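Protein chains: 2
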Amino acid sequence: MGKLHTIEELADRLHSMSIHLLRLVRAQDAAAGIGPARLSALSVIVFGGPVSLNDLARAEQVRPPTMSRIVDALEAEGLARRRTNQSDRRALLIEATPQGATMLKQGRKRRVKFLAAHLRRLSGAELKQIEAAVRAVQKAMMK
Amino acid sequence: MGKLHTIEELADRLHSMSIHLLRLVRAQDAAAGIGPARLSALSVIVFGGPVSLNDLARAEQVRPPTMSRIVDALEAEGLARRRTNQSDRRALLIEATPQGATMLKQGRKRRVKFLAAHLRRLSGAELKQIEAAVRAVQKAMMK
DNA sequence: AAATATATTTAGCAAGGCTAATTACAAGGC
DNA sequence: GCCTTGTAATTAGCCTTGCTAAATATATTT
Chain E
3 MGKLHTIEEL ADRLHSMSIH LLRLVRAQDA AAGIGPARLS ALSVIVFGGP
53 VSLNDLARAE QVRPPTMSRI VDALEAEGLA RRRTNQSDRR ALLIEATPQG
103 ATMLKQGRKR RVKFLAAHLR RLSGAELKQI EAAVRAVQKA MMK
Chain W
3 MGKLHTIEEL ADRLHSMSIH LLRLVRAQDA AAGIGPARLS ALSVIVFGGP
53 VSLNDLARAE QVRPPTMSRI VDALEAEGLA RRRTNQSDRR ALLIEATPQG
103 ATMLKQGRKR RVKFLAAHLR RLSGAELKQI EAAVRAVQKA MMK
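Respectively, the protein sequence lines represent chains E and W. Numbering-wise, the numbering used here comes out as the position in the first sequence, counting from 1, plus 2. Numbering-wise, the numbering used here comes out as the position in the second sequence, counting from 1, plus 2.
Honestly, the hints are just simulated from the structure, not real lab data. Incorrect hints may appear among the rest.
[Unchecked claim] Facing chain E, from chain W, some residues (calculated, C-beta under 10 Å):
(1) 10
(2) 19
(3) 25
(4) 48
(5) 116
(6) 133
(7) 134
[As the list claims (entries may be wrong)] Here are the simulated DSS-like cross-link-like pairs (lysine-lysine), alpha carbons at most 27 Å apart as the crow flies:
(8) W:111 to E:130
(9) E:130 to E:115
(10) W:111 to E:141
(11) W:130 to W:115
(12) E:115 to W:111
(13) E:115 to W:115
(14) E:141 to E:107
(15) W:141 to E:141
(16) E:107 to E:130
(17) E:111 to W:141
(18) W:107 to E:115
(19) W:115 to W:141
From a predicted model like this one, the values you see are computed outputs, not experimental measurements. Even for Gly, the Cβ is constructed at its ideal location relative to N, Cα and C.
Required output: the full structure, derived from the provided sequences and hints.
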């Protein structure tokens, strides 16, 4: 297992790491009673304030029809609501309900605790590296 | 956006990053004409030799019916084939065809090149951080 | 006023996850 | 040797979440 010599090798490892990480927490997602797409969108709504559907779709890297249906589900479950934007009546303002904010915290708790339990095996220095890497990868993925 | 104060917050961001990263490369999978589940299973078959369906399902952390359908698709596309195990005729031996091995390499290459193109926007220092973080996360995830 | 552009939804399709139940074969107990 | 129990895979049927194409409503531009 040598050093990483090329960006391609790093990309491959990063990809593989992501697959394994998501498999690891899949069971926790299922137990949380809310699917990953809904949870992830809800997270954006809770922390990112009211957003339009298009912005939310872009933030989640899915197409608007996909996001429209995710918001349908969140609304049906009472976790978010659509308001019409008075200054542009085509657009929406999607916002979380109090229950949505609560559910987000509860839903994430299992998975995050589970993942965090794994991360706790690492040193403070390693955790700082991960923090920096997460920021860097997110930057690299921005359009 | 302040610092990350808790391991739970870091775990959540890491999770979110992984979701977004896999969404980003999904488009490449689609262009390659093979979905992520099929590509990942094919990878196990190509490198892990003939395997039973249950073993394959376990390796991929999905249930047998899910894997059965993935193998159906791989077989229909001529990428893998089922053989019956003569010493236990309930079980299968699933193996890759030559086309399957070729497809795997091409699909993986495409994906990796795409991701690498994004990573190339980053500085050498950021890439080193990611490299260190990938190692750390993989260490944390080891059983 | 009409044409064009934008935001969202609707309709319909595919992939990939699950559980419950079925089928085929294997292994042990009487 | 049969009969029960166990195991491997499949089938049936459901759900979520991704997509594109087309429809609807509102803004904007000409």
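*Find the hints from earlier in the document that the structure breaks and name them by number, from lowest to highest.*
When the structure is compared with the hints, numbers 4, 8, 12, 13 and 18 turn out to be violated.
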